[in-house]
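Using the sequences provided together with the hints, build the complete structure.
Taken in sequence, the protein lines are chains W and L. Letter 156 of the first sequence, counting from 1, is numbered 668 in the working numbering, and no numbers are missing. Letter 31 of the second sequence, counting from 1, is numbered 544 in the working numbering, and no numbers are missing.
No lab work stands behind these hints, which were simulated from the structure alone. Some hints here could point you the wrong way.
Said to hold, decoys possible - Quick list of the computed label-pair ranges, beta carbon to beta carbon:
hint, chain 1, residue 1, chain 2, residue 2, range
1, L, A533, W, L532, 29 to 39 Å
2, W, V904, L, A516, 48 to 58 Å
3, W, G549, L, V519, 49 to 59 Å
4, W, A908, L, V519, 48 to 58 Å
5, L, A533, W, R559, 18 to 28 Å
6, L, L526, W, R1003, 43 to 53 Å
7, L, L526, W, E892, 49 to 59 Å
8, W, R559, L, R542, 19 to 29 Å
9, W, V974, L, A516, 29 to 39 Å
Source: prediction; values computed, not measured. All C-beta atoms in this analysis are idealised placements derived from N, C-alpha and C, irrespective of residue type, glycine included.
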Amino acid sequence: VGTGATSMSGWALGAFLVYLCVIIGVGLAARRFSSRGIGEFFLGGRRLGTFVVATSAVVSGRSAWLLLGVTGMAYTRGASAVWTVVGYILAELCLFAFVGRRLRRVTEASDDLTVPDFFASRFGESSMLRVVTSVVILVFMVAYVAAQIRAGGKALAASFLHPAGYEITWLANLPVEAVTLGALITSAIILAYTVTGGYAAVAINDAIGAVVIIVALVVVPVVSAVAHPTGVLETLSSLSPLMLDPLALSVGALIGFVSIGLGSAGNPHILVRYMSIRDPSGLPRAALWGTVWNVVMAWGALWIGLVGRAHFPGSADLPGGDAEAIYPMLAHAHLPSILFGLVVASIFAAILSTADSQLLVAASCVVRDLGQQTLAKGRELSPERLVLWSRVSVLALLLASAALGLVIPGLVFTLVLFAWAGLGASIGPPLILALYWRQTTRWGVLAGVVSGTGVTVVWRSVPSLSALVYELVPAFAASLVLTFVVSLVTRRR
Amino acid sequence: MQAFWVMFFWVPLVLVGLAALVSGLAGRREE
Chain W
513 VGTGATSMSG WALGAFLVYL CVIIGVGLAA RRFSSRGIGE FFLGGRRLGT
563 FVVATSAVVS GRSAWLLLGV TGMAYTRGAS AVWTVVGYIL AELCLFAFVG
613 RRLRRVTEAS DDLTVPDFFA SRFGESSMLR VVTSVVILVF MVAYVAAQIR
663 AGGKALAASF LHPAGYEITW LANLPVEAVT LGALITSAII LAYTVTGGYA
713 AVAINDAIGA VVIIVALVVV PVVSAVAHPT GVLETLSSLS PLMLDPLALS
763 VGALIGFVSI GLGSAGNPHI LVRYMSIRDP SGLPRAALWG TVWNVVMAWG
813 ALWIGLVGRA HFPGSADLPG GDAEAIYPML AHAHLPSILF GLVVASIFAA
863 ILSTADSQLL VAASCVVRDL GQQTLAKGRE LSPERLVLWS RVSVLALLLA
913 SAALGLVIPG LVFTLVLFAW AGLGASIGPP LILALYWRQT TRWGVLAGVV
963 SGTGVTVVWR SVPSLSALVY ELVPAFAASL VLTFVVSLVT RRR
Chain L
514 MQAFWVMFFW VPLVLVGLAA LVSGLAGRRE E
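Set out below in structure tokens:
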């Protein structure tokens, strides 16, 4: 593998660099819009088209978890990994078609830019609710971005900095650890277009990334399956019949996998996508685009894991025995170098599309909610100054996330699923009830936010509980019940 | 093997079909 690829690795790097030039160019081009004010910087002035919103929403939600985590899980577990994708696809279909439209209309009417903004205009200004919600979003978002940066470092290191022989030698010889260098490069790329171009650049780059991802996730399993000397399914069946049994999992695992979908409604980097569409009547069409994208990406990732297992049956065949390396490994073994560059770009696109969106959401909490509406409340602030604060906040949050990303031990996706659960449980139920149930109160929402966060953290940190079921399930239930009950108790009669 | 093809062929197809249906219905309600 090493010798053949070394001569072609310049092509792979070339393809990857073309992708980087495009996304950084988009950031620079969007600069003049993003500088007009924070409505432009954080929400693109609510002028984005249907396709951009649809693809941006689904790829921002997936991240490297789909490309490295789900492929790795399908490699390890076989067909039963399919349940990890069913729940979120259905949930996001409903979000596009119903919840998103309502959220878009309500938030435009009161000029809300953030989720805490929406709660404030729905229930009247409350510093406590605004600050608590913002801090919860901020903490989980920084952890989430840290995981993405770490994943970016791992992906770059494995693709171009790996000492096995297909590296770009001059980069590998730099006196810094490969993953650290990869993480720093990832951070610099995110910074280059997010600070300059703001939301419009981020959403357009997400859409470009979505095309790169879908092409790669279709090409890799098809080419690799064709290249396999015997039937892929026969090979898997001979390894273990359970590899082809979608029901080879415990009830707790099944519930946990499907309930990943509960998180979509509470992750603000997905919710702001719906808020940014130019014409809300385009959201039903976005539902179809988004679902097609979600389905092709998901089953592409699952097939990569299955075909990968047929090619590399023992985990000893993978670098460091890491199942999360199966996607680049399989691509590297079967694709010409220029297409391998596309695969590396797809992993990056997934990482960037999530991290950039989350950085903006976190920065919007700092500038809009904690700054403009809390600490500087009542003061007149110029749009230029607010945009400057926003750019500085993005930079500061990226530095904090990168620092955290460099010290995270172990697997990246444990942290991703934890942050996904925390946001999903703390924001999802209060937001849906606030949108659809008139009796919801500010105290109910506060109870939901606090209990969703608390149960996620406690459930995760008690091993016997977290072994039982994914923390999102009890945390979402607690948040839903408490938002409802506390609203009933505190409503005006 | 039957369950495998249900989950790896029919379910993705049904999800796209469902999206087309929901998208159509929600779009009509919008008008």
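Now the hints, each set against the structure:
Taken as a hint, the range 29 to 39 Å holds for the pair L/A533 and W/L532, whose Cβ atoms sit roughly 36 Å apart. For the pair W/V904 and L/A516, the supplied restraint of 48 to 58 Å holds, since their beta-carbon distance comes to about 54 Å. The beta-carbon spacing between W/G549 and L/V519, approximately 51 Å, falls within the hinted interval of 49 to 59 Å. Distance hint for W/A908 and L/V519: a CB-CB separation of about 49 Å, consistent with the stated range 48 to 58 Å.
Between L/A533 and W/R559 the beta carbon distance is about 27 Å. The supplied range of 18 to 28 Å therefore holds. Checking the proposed 43 to 53 Å range against L/L526 and W/R1003 shows it holds: the Cβ atoms sit about 45 Å from each other. Between L/L526 and W/E892 the C-beta distance comes to about 56 Å, which sits within the given range of 49 to 59 Å. The supplied range of 19 to 29 Å is met by W/R559 and L/R542, whose beta-carbon atoms lie about 24 Å from each other.
W/V974 and L/A516 have their C-beta atoms about 34 Å apart, which keeps the hinted 29 to 39 Å range intact.
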